[in-house]
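S.K.: Construct the entire structure; sequences and hints are all you get.
Heads up: the protein sequence lines correspond to chains L and S, in order. For the first sequence, the numbering used here begins at 1 and goes up steadily by one. For the second sequence, the numbering used here begins at 1 and goes up steadily by one.
Careful: at least some of the hints might be erroneous.
Said to hold, decoys possible - Residues from chain S that face chain L, not an exhaustive set, calculated with beta carbons under 8 Å:
| # | residue |
| --- | --- |
| 1 | Ala144 |
| 2 | Ala234 |
| 3 | Ile237 |
Said to hold, decoys possible - Restraint-style ranges between C-beta atoms, simulated for each label pair:
| # | chain 1 | residue 1 | chain 2 | residue 2 | range |
| --- | --- | --- | --- | --- | --- |
| 4 | S | Leu56 | L | Gly211 | 41 to 51 Å |
| 5 | L | Lys284 | S | Ile208 | 57 to 67 Å |
| 6 | S | Gly199 | L | Pro203 | 35 to 45 Å |
To be verified - If you want the footprint, here are the derived chain S segments under chain L, 3+ residues with CB under 8 Å:
| # | segment |
| --- | --- |
| 7 | 35 to 46 |
| 8 | 216 to 230 |
| 9 | 293 to 305 |
| 10 | 308 to 320 |
None of these hints come from the bench; they were simulated from the model. Quick caveat, the model's predicted, so the values are computed rather than measured. We put the CB at the ideal spot given by N, CA and C, even for glycine.
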Amino acid sequence: MDGKKKSSGQNVIETEITMGPVHPAALEPYRVRLFVEDEIVKDAEITVGVNHRGIERIMEGLPVEKANSLTEKICGICSNVHIWNSVMVAEKGLEIEIPERASYIRVIMGELERLHSHLLYLAHGNEVLGHETFAMRIFYIRETVMELLRMIGGNRVQYGVSIIGGVRPRCELDEMRIQKIKEGMDFIEEKVAEFADRFVSDPMVMSRITGVCPIPKKEALRLAVSGPTLRATGVDMDLRRDMECYDPFDFDVITLEGGDVKANLLMRVLEIPESVKIIRQAIKNLPGGPITDRTWEMQDTGVIKSYVEAARGRLYHSYRLEDDRVRGSIVRTPSMSNIGAMQYACIGHHITDAQLGIVQCDPCFTCTDRAIQIIKL
Amino acid sequence: MEASTIIYSTAAVIGTIIVAFIISIWLPGIERKFVQARIQQRIGPPISSPGIMAPLKFFFKETINPNSPLPRLYNALPLGGIIIVFFILLFLIPEMYFLGALTSIIAIVGLLKIEEVIYVFMGSFSRSIMSLSMPFPDIIKGAAHPDIKRSFLEDLSSLRAFRLIAFGSFPLYIALFVPVAMAGSIFLGDIVLYQQLNGPVLFSVAGILGAIVFFIGYMILLNEYPFAILKTKADVIEGPYMEYAAKYRSYTYLTRGFLMFTLSALFSVLFLGIPPNILSWGILVNILVAILFPILSAIMSAFSPIFTFKQFYPVAAGVSILGVLAILATFV
Numbered sequence: 001m002d003g004k005k006k007s008s009g010q011n012v013i014e015t016e017i018t019m020g021p022v023h024p025a026a027l028e029p030y031r032v033r034l035f036v037e038d039e040i041v042k043d044a045e046i047t048v049g050v051n052h053r054g055i056e057r058i059m060e061g062l063p064v065e066k067a068n069s070l071t072e073k074i075c076g077i078c079s080n081v082h083i084w085n086s087v088m089v090a091e092k093g094l095e096i097e098i099p100e101r102a103s104y105i106r107v108i109m110g111e112l113e114r115l116h117s118h119l120l121y122l123a124h125g126n127e128v129l130g131h132e133t134f135a136m137r138i139f140y141i142r143e144t145v146m147e148l149l150r151m152i153g154g155n156r157v158q159y160g161v162s163i164i165g166g167v168r169p170r171c172e173l174d175e176m177r178i179q180k181i182k183e184g185m186d187f188i189e190e191k192v193a194e195f196a197d198r199f200v201s202d203p204m205v206m207s208r209i210t211g212v213c214p215i216p217k218k219e220a221l222r223l224a225v226s227g228p229t230l231r232a233t234g235v236d237m238d239l240r241r242d243m244e245c246y247d248p249f250d251f252d253v254i255t256l257e258g259g260d261v262k263a264n265l266l267m268r269v270l271e272i273p274e275s276v277k278i279i280r281q282a283i284k285n286l287p288g289g290p291i292t293d294r295t296w297e298m299q300d301t302g303v304i305k306s307y308v309e310a311a312r313g314r315l316y317h318s319y320r321l322e323d324d325r326v327r328g329s330i331v332r333t334p335s336m337s338n339i340g341a342m343q344y345a346c347i348g349h350h351i352t353d354a355q356l357g358i359v360q361c362d363p364c365f366t367c368t369d370r371a372i373q374i375i376k377l
Numbered sequence: 001m002e003a004s005t006i007i008y009s010t011a012a013v014i015g016t017i018i019v020a021f022i023i024s025i026w027l028p029g030i031e032r033k034f035v036q037a038r039i040q041q042r043i044g045p046p047i048s049s050p051g052i053m054a055p056l057k058f059f060f061k062e063t064i065n066p067n068s069p070l071p072r073l074y075n076a077l078p079l080g081g082i083i084i085v086f087f088i089l090l091f092l093i094p095e096m097y098f099l100g101a102l103t104s105i106i107a108i109v110g111l112l113k114i115e116e117v118i119y120v121f122m123g124s125f126s127r128s129i130m131s132l133s134m135p136f137p138d139i140i141k142g143a144a145h146p147d148i149k150r151s152f153l154e155d156l157s158s159l160r161a162f163r164l165i166a167f168g169s170f171p172l173y174i175a176l177f178v179p180v181a182m183a184g185s186i187f188l189g190d191i192v193l194y195q196q197l198n199g200p201v202l203f204s205v206a207g208i209l210g211a212i213v214f215f216i217g218y219m220i221l222l223n224e225y226p227f228a229i230l231k232t233k234a235d236v237i238e239g240p241y242m243e244y245a246a247k248y249r250s251y252t253y254l255t256r257g258f259l260m261f262t263l264s265a266l267f268s269v270l271f272l273g274i275p276p277n278i279l280s281w282g283i284l285v286n287i288l289v290a291i292l293f294p295i296l297s298a299i300m301s302a303f304s305p306i307f308t309f310k311q312f313y314p315v316a317a318g319v320s321i322l323g324v325l326a327i328l329a330t331f332v
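M.R.: Spelled out as C-alpha cells, the structure:
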C-alpha cells in the first residue's frame, strides 16, 4: 500500500474506538485512538504520557555515577543498554579507555539483553495473535536468557553491569559462568530453530501475519523508524557496525523486505542466531586482564552525545558534566521514533490487526514517556 | 398417567439437570488445566478454579452498578442466558418429549438463536469506562479528529454478535439438520428412535461430516479461540461481558459451562441417539462427550491464532458447505 492511500486526516470517518491507557493487549499504559469504518482503521493516533516519571529532570544535578544508575530505571526490558550508553557518554567526555575485557563483557550483556528483548517481542507478538501456546513456549526459551542475565548481573531486570571505566567487579566472568553461557547459547539456538520451523510452517499463523500492516521502505525512512523494525523494511542499517566495541566480532546484519508483521517477527527470529554468534565469539576470545579502570579524573565537559543500537533501535543519551554533576540530560529511546510507524502501520487494516501493527514496531512506551510538551492554550 | 411414572419422570428430569450442572462446572477447569496448560508447558489453574471457585468467589463479591443505559436489563441478561440453556437441556431429556413441538429441532434452533441475540444486547447495553469514559487530554491537545463519534469497545462486540447470528453460527445449525434429514423428522423423539433402530447417525458418512461441522459450530457458539471474535483480547477484550461484576459475572461463567454440557448433550441426542437421562447408563456417554468436546476444542484453540474476519469468513463458509454436503450425503 502506498503512502498516499494511507494518508491521515480523511473526512469520512465513521467512528472512533479508543483503547487504553489500560488494555490487556498492551503491556504498558498508552492510548490509541483508532478511527474506523466498518472495522477498518482509517487513521490512528497514539498518545503517551501516562507513565511520565521525569527521569531526565531527576538526573539534573546528580553525581554522574548516581545519574547513570538512574538511567537503568528507564526501562525494565533494556535496562542494561541505558546504563551502558549513559556510561559511554561520560567515558567519551572524560576520554576514558576501558579495558578490553570489560568491553567484551558489556557486549555479552548487550547481546543477552537483545536475546531477551527479541524473545519477549516474539512472545508478545504471538500473544496478541492469540497464539498462547507459541507465546508460552517462547517464554520458556527466554527463561534461560533471564537466568544468564541474573547470573552475571545478580538481577533479572536491572543488572548494574556497566560503570564508568568498565564493568562492576561482581560481573566478572569466571569459568563456571562461561560454561553456563555456552550451554545457554546451545539451548537457545536449538530451541529457536525448532520454533522458527514450526512458526513458518503454520498456515494459520502465516495467514494472520503475511501482508498485515506493512511499512514500505520509503515510509520507514520518512518516519525515521529505527532498529529491527527498519531493517524489516529492507534498510540495511545497524549501529553496531559503527560501534567500536563490536569491531572484533563477525556478524551479519539481517534485512528483510516488506515491513509487515511477518517480516518483523521473522527479523527477530533471524537476529537471535546473530546475537548467539557474537556471544560465542566474545566468550571464545575473551581477553584477560582487569575489568575496570578507576584511574580517570572528573572534569567539566561540553554536551556529549552517544548512540547505541539497542534491541529495539537507536538509543540516544546526552549530557554535559559540570562540577562533577550531570546537566542537561536528554534520552531518546527507539520507540519514540517508531511511534509514527505504529500509527502508519494500522491504517487500512482490520481493527483486530491494529494491536498487531503497533506491536510489530516493538514499542516500549514506558521507556518513551519522558519528554513532555507544554502547549499554551 | 400413573403416580409412579410421574415420580420416575420427575426424578429423571431433576437428576439429569443436577448431574449436568455438576459436570458442567468442572468442564472449564478440565479444558484449561488438563489440556491448554499441558500443551503450553505451564502449571495452569487448579481444576476447580475456572468453573467452580471463580463463580463462587464472584457470587459473594459486592455488586456494583454497571455502566449501562439499562443496568437492570443488562444485569438480567446472563440470568436469561442460563435459563435458555436450562430449557434446551430440559427439552433434550426423553421424559420431556411429550411436549411435542418444544422438543423439536426448530425449538432448539430458536432457543440457541435467543442465546446469540443476548450477546447483541449485552454488547449494546455495556458502556465500560475502559473505552470511552476515561477523561484524557488528547481531545483538547489538538487531536487529529476531535469531533468524531466515539464508540465503545462493546459496540464493536455487539456488531460482531450480529455477524455471528448472520453467518458465524451457520455451521452449527446446518449440522443440526443432518440427523433431521436422515430421520425424516424434526422431533427429537423420532431422531432418537431412528438411531435406536438404524444405528447412530455418527456411523455414516453424512454423520461424520455433520459431526465435524457441529464441532466447529460448537466452538464458534462458545466463542472459543480461534473463533473468539466477540471477546478477542487484542481488540474488544471481554466484549459483552465487560461490565458484569459480582454475581452477574458468576452467572456468565456458569452459563458457559452449562452451555458446553448442553451442546454436548445435543450432539449425543442427534448423532449418537443417546439422550441425557440420569436413570439410564447412556448418561455416561453424555458425560464422556461433554468432556471430550472441551478437550478437542482446547487442543484446537491451543494451536491456532485468533481469526479475524479474513480467516473467519472462509472457515465459516467452508464448514457450512461441508454441512450442506453432509445433508446431501444423507440422500445417498
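S.K.: Now tell me, hint by hint, if it's right for this structure.
M.R.: Hint by hint, here is what the structure shows:
The beta carbon of alanine 144 of chain S comes within 5 Å of a beta carbon in chain L, closer than 8 Å, and the hint placing it at the interface holds. Here the hint on alanine 234 of chain S is kept, as its CB sits about 4 Å from the closest CB of chain L, short of 8 Å. Interface hint status for isoleucine 237 of chain S: upheld, as the beta-carbon distance to the closest one in chain L is roughly 6 Å, under 8 Å. Evaluation of the 41 to 51 Å hint for leucine 56 of chain S and glycine 211 of chain L yields a pass: the beta carbon distance comes to about 46 Å.
The given range of 57 to 67 Å is respected by lysine 284 of chain L and isoleucine 208 of chain S, whose C-beta atoms sit roughly 59 Å from each other. Checked against the hint of 35 to 45 Å, the pair glycine 199 of chain S and proline 203 of chain L passes, with Cβ atoms roughly 36 Å apart. Only when three residues or more bring their CB closer than 8 Å to a CB of chain L does the claim for the segment 35 to 46 of chain S stand; here the count is 5, and the claim holds. Look at the segment 216 to 230 of chain S against chain L: 4 of its residues bring a Cβ nearer than 8 Å to a Cβ of that chain, three or more, so the hint holds.
Counting residues of the segment 293 to 305 of chain S whose beta-carbon sits less than 8 Å from any beta-carbon of chain L gives 4, enough to reach three: the coverage restraint holds. Beta-carbon proximity to chain L at under 8 Å applies to 4 residues in the segment 308 to 320 of chain S; the threshold of 3 is reached and the given coverage holds.
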